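> Given next are the chains, with one letter for each unit.
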Amino acid sequence: MKPEEIKRIISESIKGDYDTGKIPEILENEGVSYDFGKGFTEKVIGRLSGISLTMKGDAEFRRSLNFAFYRIALTGAAAIVILLISLFLMQDSFSFNSLLGIGDSVDESIVYLITGF
Amino acid sequence: MKESYRLAGDDELVKASLKGDKLAFSEIVNRYRKMVARTVKGMLGDSVYSEDIGQEVFVNLYNSLPEFRGDAKLSTYIQRIAVNLTLNEIKRRKRFFSMFSHKGGDEMSEIEIADPENEEKREAKEVVNKVLMSLDPKFRIIVVMRLLQGYSTKETAETLGLPLGTVLSRLSRAQEQLKEMLGKL
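Which chain is which? The protein sequence lines are G and U, in order. The first sequence runs 1 to 117 under the numbering used here. The second sequence runs 1001 to 1185 under the numbering used here.
Among these hints, one or two may not hold up.
Said to hold, decoys possible - Pairs of lysine-lysine residues, derived as DSBU-like cross-links and limited to a Cα-Cα distance of at most 30 Å, are as follows:
| # | chain 1 | residue 1 | chain 2 | residue 2 |
| --- | --- | --- | --- | --- |
| 1 | U | 1184 | G | 38 |
| 2 | G | 15 | U | 1034 |
| 3 | G | 7 | U | 1094 |
| 4 | U | 1184 | G | 22 |
| 5 | U | 1094 | G | 2 |
| 6 | G | 15 | U | 1121 |
| 7 | U | 1184 | G | 43 |
| 8 | G | 43 | U | 1034 |
| 9 | U | 1179 | G | 15 |
| 10 | G | 15 | U | 1022 |
| 11 | G | 38 | U | 1154 |
| 12 | G | 43 | U | 1154 |
| 13 | U | 1022 | G | 38 |
| 14 | G | 38 | U | 1019 |
| 15 | U | 1091 | G | 15 |
| 16 | U | 1184 | G | 7 |
| 17 | U | 1073 | G | 15 |
| 18 | G | 22 | U | 1179 |
| 19 | G | 2 | U | 1138 |
| 20 | U | 1091 | G | 7 |
| 21 | G | 38 | U | 1091 |
| 22 | G | 7 | U | 1019 |
| 23 | G | 43 | U | 1091 |
| 24 | U | 1154 | G | 7 |
| 25 | G | 7 | U | 1015 |
| 26 | U | 1121 | G | 7 |
| 27 | U | 1179 | G | 2 |
| 28 | U | 1121 | G | 22 |
| 29 | U | 1015 | G | 2 |
| 30 | U | 1019 | G | 22 |
Rather than coming from a laboratory, the hints here were simulated on the basis of the structure. Computed from a prediction, not measured in an experiment: that's the story for all the values here.
With the sequences and hints as input, model every part of the structure.
Shown next as structure tokens:
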């Protein structure tokens, strides 16, 4: 088909009432065809698999993090309980001073403040 | 590929794709890749960027399939995604090129003719590409729908989400631009 003919088809296609249903087929026969390169479908599916792999990876990481946090929290809670029990056994009380390791004797504190020993 | 999917309807393919069946989605891609190529390459020219946008269209489709209720045809839904992505790409290019040069991004579209069988066919494609690229994107999209997709004005309006009157007025404006362009070719 000569370029003049192509130009005529283009002009016709812009007229609002013109039936353009057959134009793509005519153009395709004249070499005006459009498609993507080889392996296009595989590339799309590859990108989708990449996305779902990333999503799977994210979920796995979150699950591991939750598990690790749970284990750490349990160990921490057990350590606190043991510390409190040992404090109680040594100091015979749960007072603030016993937690800080300061004796309850007021006299001792006064002597320390006055003499520095 | 499963032979049954070649004969399957769009609804069946959508349902299977929603269940994660990649073979079903491959069939959707194969079925509509040419239609998407006509829109994307007609708007952006035959370049490597068009290939990327084409892939993006199908990735977006896959991600938005759960929202597809089947009110419109699958082809119309895909076409809308393709139109939105190409128009966004044109805007992005315009912004990018306006920062670095006074030329519009549209002018940077490469027009490559893949494996021309003969001079006449090569010329035909060149004429179509030159004409399309000479048009303003808002007129070009309407000409692409009419010329390359073979849509009626009503179908064009539905696909682009525009009133019929707007499509008709843009067609007449495009006609004015084209008259000048075709005279020069």
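> Indicate, hint by hint, whether the structure satisfies it.
Okay, the hints, checked on the actual structure:
Taken as a hint, the residue 1184 (chain U) and residue 38 (chain G) pair is broken in the structure, with Cα atoms around 35 Å apart against an allowance of 30 Å. Taking the CA atoms of residue 15 (chain G) and residue 1034 (chain U), the gap is near 25 Å; set against the 30 Å cutoff, the hint holds. About 28 Å separates the Cα atoms of residue 7 (chain G) and residue 1094 (chain U), which keeps this hinted pair within 30 Å; it holds. About 27 Å separates the Cα atoms of residue 1184 (chain U) and residue 22 (chain G), which keeps this hinted pair within 30 Å; it holds.
Proximity of residue 1094 (chain U) to residue 2 (chain G) is assessed by CA-CA distance (about 34 Å); at most 30 Å being required, the pair is judged violated. Between residue 15 (chain G) and residue 1121 (chain U), the direct Cα distance comes to roughly 25 Å. Compliance with the 30 Å bound is thereby established for this hinted pair. Restraint check for residue 1184 (chain U) and residue 43 (chain G): not satisfied, since their Cα atoms lie roughly 40 Å apart, outside the 30 Å limit. Taking the CA atoms of residue 43 (chain G) and residue 1034 (chain U), the gap is near 15 Å; set against the 30 Å cutoff, the hint holds.
Note on residue 1179 (chain U) and residue 15 (chain G): the hinted pairing holds, with a Cα-Cα distance of about 12 Å set against a maximum of 30 Å. A distance of roughly 42 Å separates the Cα atoms of residue 15 (chain G) and residue 1022 (chain U); the hinted pair therefore is violated under the 30 Å criterion. Simply put, residue 38 (chain G) and residue 1154 (chain U) have alpha-carbon atoms about 34 Å apart, too far for the 30 Å limit, and the pair is violated. Taking the CA atoms of residue 43 (chain G) and residue 1154 (chain U), the gap is near 34 Å; set against the 30 Å cutoff, the hint is violated.
With a C-alpha separation of about 18 Å, the suggested pair residue 1022 (chain U) and residue 38 (chain G) falls inside the 30 Å cut-off, and the hint holds. For the hint linking residue 38 (chain G) to residue 1019 (chain U), the alpha-carbon distance of about 27 Å falls within 30 Å, and the restraint holds. A threshold of 30 Å between alpha carbons decides the hint, and for residue 1091 (chain U) with residue 15 (chain G) the separation of about 27 Å falls inside it, so the pair holds. For the suggested pair residue 1184 (chain U) and residue 7 (chain G), the alpha carbons sit about 11 Å apart, so the restraint of at most 30 Å is met.
Between residue 1073 (chain U) and residue 15 (chain G), the direct Cα distance comes to roughly 26 Å. Compliance with the 30 Å bound is thereby established for this hinted pair. Under the criterion of a C-alpha separation no larger than 30 Å, the hint pairing residue 22 (chain G) with residue 1179 (chain U) is consistent with the structure, at around 22 Å. Restraint check for residue 2 (chain G) and residue 1138 (chain U): the C-alpha separation of about 28 Å stays at or below 30 Å, so the hint holds. Restraint check for residue 1091 (chain U) and residue 7 (chain G): satisfied, since their Cα atoms lie roughly 28 Å apart, inside the 30 Å limit.
For the given pair, residue 38 (chain G) sits about 28 Å from residue 1091 (chain U) by alpha-carbon distance, which is consistent with the 30 Å threshold. Taking the CA atoms of residue 7 (chain G) and residue 1019 (chain U), the gap is about 47 Å. The hint is violated against a cut of 30 Å. For a cut-off of 30 Å, the pair hint linking residue 43 (chain G) to residue 1091 (chain U) stands: about 26 Å separates their Cα positions. A distance of roughly 24 Å separates the Cα atoms of residue 1154 (chain U) and residue 7 (chain G); the hinted pair therefore holds under the 30 Å criterion.
About 43 Å separates the Cα atoms of residue 7 (chain G) and residue 1015 (chain U), which puts this hinted pair outside 30 Å; it is violated. For the proposed pair residue 1121 (chain U) and residue 7 (chain G), the alpha carbon gap of about 13 Å is at most 30 Å, so the pair holds. Between residue 1179 (chain U) and residue 2 (chain G), the direct Cα distance comes to roughly 18 Å. Compliance with the 30 Å bound is thereby established for this hinted pair. A threshold of 30 Å between alpha carbons decides the hint, and for residue 1121 (chain U) with residue 22 (chain G) the separation of about 18 Å falls inside it, so the pair holds.
Among the hinted pairs, residue 1015 (chain U) with residue 2 (chain G) is inconsistent with the structure: their alpha-carbon atoms are about 46 Å apart, more than 30 Å. Between residue 1019 (chain U) and residue 22 (chain G) the alpha-carbon distance is near 37 Å, which puts this suggested pair outside the 30 Å criterion.
In summary, the numbered hints that this structure violates are 1, 5, 7, 10, 11, 12, 22, 25, 29, 30.
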